[in-house]
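K.L.:
Place chain B on chain A using the hints.
Protein chains: 2
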Amino acid sequence: MKQQITIGIDIGGTNTKIGVVSPNGKVLANNRIATTDYPKIEGFVAALDLEIRQLLEKAGEVELTAIGIGAPNGNYLKGTIEQATNLQWKGIVPLCDLLKKYFSVPVVLTNDAKAAALGEMIYGGAKGMKNFILLTLGTGLGSGVVINGELVYGKTGFAGELGHLTMEPFGRECGCGREGCLETYVSSTGIVKTVFELFAERRDPSPLRKIPYDLLTSKMIADAAEEGDQIALAAFEQTAETLATAICNMAAFCSPEAIFLFGGLTQSGDLLLDPLKRFVDENIMGYYRRSFKILPSKLAEADAAILGASALAVKAITQ
Amino acid sequence: MKQQITIGIDIGGTNTKIGVVSPNGKVLANNRIATTDYPKIEGFVAALDLEIRQLLEKAGEVELTAIGIGAPNGNYLKGTIEQATNLQWKGIVPLCDLLKKYFSVPVVLTNDAKAAALGEMIYGGAKGMKNFILLTLGTGLGSGVVINGELVYGKTGFAGELGHLTMEPFGRECGCGREGCLETYVSSTGIVKTVFELFAERRDPSPLRKIPYDLLTSKMIADAAEEGDQIALAAFEQTAETLATAICNMAAFCSPEAIFLFGGLTQSGDLLLDPLKRFVDENIMGYYRRSFKILPSKLAEADAAILGASALAVKAITQ
Chain A
138 MKQQITIGID IGGTNTKIGV VSPNGKVLAN NRIATTDYPK IEGFVAALDL EIRQLLEKAG
198 EVELTAIGIG APNGNYLKGT IEQATNLQWK GIVPLCDLLK KYFSVPVVLT NDAKAAALGE
258 MIYGGAKGMK NFILLTLGTG LGSGVVINGE LVYGKTGFAG ELGHLTMEPF GRECGCGREG
318 CLETYVSSTG IVKTVFELFA ERRDPSPLRK IPYDLLTSKM IADAAEEGDQ IALAAFEQTA
378 ETLATAICNM AAFCSPEAIF LFGGLTQSGD LLLDPLKRFV DENIMGYYRR SFKILPSKLA
438 EADAAILGAS ALAVKAITQ
Chain B
138 MKQQITIGID IGGTNTKIGV VSPNGKVLAN NRIATTDYPK IEGFVAALDL EIRQLLEKAG
198 EVELTAIGIG APNGNYLKGT IEQATNLQWK GIVPLCDLLK KYFSVPVVLT NDAKAAALGE
258 MIYGGAKGMK NFILLTLGTG LGSGVVINGE LVYGKTGFAG ELGHLTMEPF GRECGCGREG
318 CLETYVSSTG IVKTVFELFA ERRDPSPLRK IPYDLLTSKM IADAAEEGDQ IALAAFEQTA
378 ETLATAICNM AAFCSPEAIF LFGGLTQSGD LLLDPLKRFV DENIMGYYRR SFKILPSKLA
438 EADAAILGAS ALAVKAITQ
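Chains A and B are the protein sequences, given in the same order.
Sequence positions in the first sequence follow our numbering and run 138 to 456.
Sequence positions in the second sequence follow our numbering and run 138 to 456.
Simulated from the structure, these hints should not be mistaken for laboratory data.
Predicted model only: the values in this text are computed from it and were never measured.
Please note that a few of the clues may not be correct.
A pair holds if it fits inside one copy or across any two, identical chains being indistinguishable in the list.
[As the list claims (entries may be wrong)] Calculated pairs, SDA-like style, for lysine to any residue (alpha carbon to alpha carbon, straight line, at most 25 Å):
| id | residue 1 | residue 2 |
| --- | --- | --- |
| 1 | K292 | G262 |
| 2 | K292 | T455 |
| 3 | K267 | E287 |
| 4 | K330 | P306 |
Isolated chain A, as found in the complex:
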């Protein structure tokens, strides 16, 4: 009997990753194409078709059951990518409909962070959980909210944009056109901003002071913190405090079993996680005290995007 597999596709601004995924979450074959090579969506879809067929051949005796796609500004309800500023296809792109012309299996799409949450549920640390949140801390802060075993899409399909919780009215300018959003504080770009604020506020010497704003990365801040740099440590502390406030609010909203953290900023050992847990313990409302865990994602960074998209496909055929 052929092994029933799904295809996971992760569309990024630069590269698109495509993988053949087995039911137990093993990536049997994968490849990538350059997203930027295809100024027209039709050309991109034709390239996806070709790539998928080659991968299926490579994977051997398999039967394709469904295709899942994670994409910036992906709208699950409509199967479209909408006004994605990082992609060259403008307006509303009906990607699912276009790809369905090539394949007679379900094709589903959502944004990358929501796909990652499903990946955690189907293949990762959230197996068996009905209520949890995954936060991806990268350039911005993405999120997927699962309630009663289902991803929350809401009326618009764009529920779960927790990076845009207002943490400080009249706070830092956000790419969304508003101010004080969580992702302007808690993300790899947010912690850089925090370091620069701390340069102004404090007198601690720090080798980071020699690095211009445009060149400072969260990795450099993490490395400095590991060396005991006071500014860098304070930046992690502040980042953790802001995230803790947001997490306490998330608990008041949906009382989850766990909050999963994914992405570069959370891989800095316990630099973020330790103060985060401390601030949450100090500030959580009585109802929720010790009722949920804060955990690093169990998906390996390299495969997470493909596994997330694959999980979306799995969900589509098992409901």
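P.N.:
Just chain B now, kept in the frame of chain A:
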């Protein structure tokens, strides 16, 4: 054929209301007992039993299908009232189990605001909606969150405590032991606090300045605002602004179809609703712009608590 009815019970610190409710949301018969007359829960349950049997008789040819209860700190998952500071029964009270000894129908319990949200869904303005939030603005701020057609209880049963979203770290002291919670700003007690802050900040003359803190009510503030009192108007404006920030965050969380407002503070004509809609329009993220309505509850205040509890019973037998 007998009409199939539910019983709705609303337990308050002072009174407990009991009503017989028809399938279309008509209260066929109702009564109340003094909650405070029963220092022991067993006595209270026996009194409920007696009262329910009398009401069923009074209602005529009816068949009881289920009993729903709204109570402070009601835990739906366990059927218990837990550590309710406004009630004299301490600790964890297994109310559903106790009442089931008297009746052979489903008995379900949740907190009053969650019951009110279900009342809105079954009998009120949220009929047919799958995603909405109801906020009750009274002494505190209660809430019920409905996602994918289901009330959100979360892991603990205490999800949806939106009155305890942190709006301002190190802000006003809250009864929950924390600081800056939404309900310390947006509630009938919150707006009183805001007026007293405004007395300090501004020089506008106002007849309200003659009223001591302990005697000032939100009704007096509403009346003064209707007369053009600048302090009172500013207090409604500030209350609306804080609530707008919270509502924008709720949209980012679950992208609802509507936010319903219930309770005294929202009945002050458009004093709250007009600035609230304006602030939301100004601050909402693009995804959600004009995607949801802010509406007053459609349930009459007098019947709402009984209808909410009844709706919980209806949900229990229709799933």
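K.L.:
Each hint needs a verdict: does it hold in this structure or not?
P.N.:
Hints and how they fare:
1. K292 with G262: between (28 Å within a copy, 17 Å between copies)
2. K292 with T455: both (23 Å within a copy, 24 Å between copies)
3. K267 with E287: both (7 Å within a copy, 14 Å between copies)
4. K330 with P306: both (17 Å within a copy, 20 Å between copies)
Violated hints: none; the structure is consistent with every hint.
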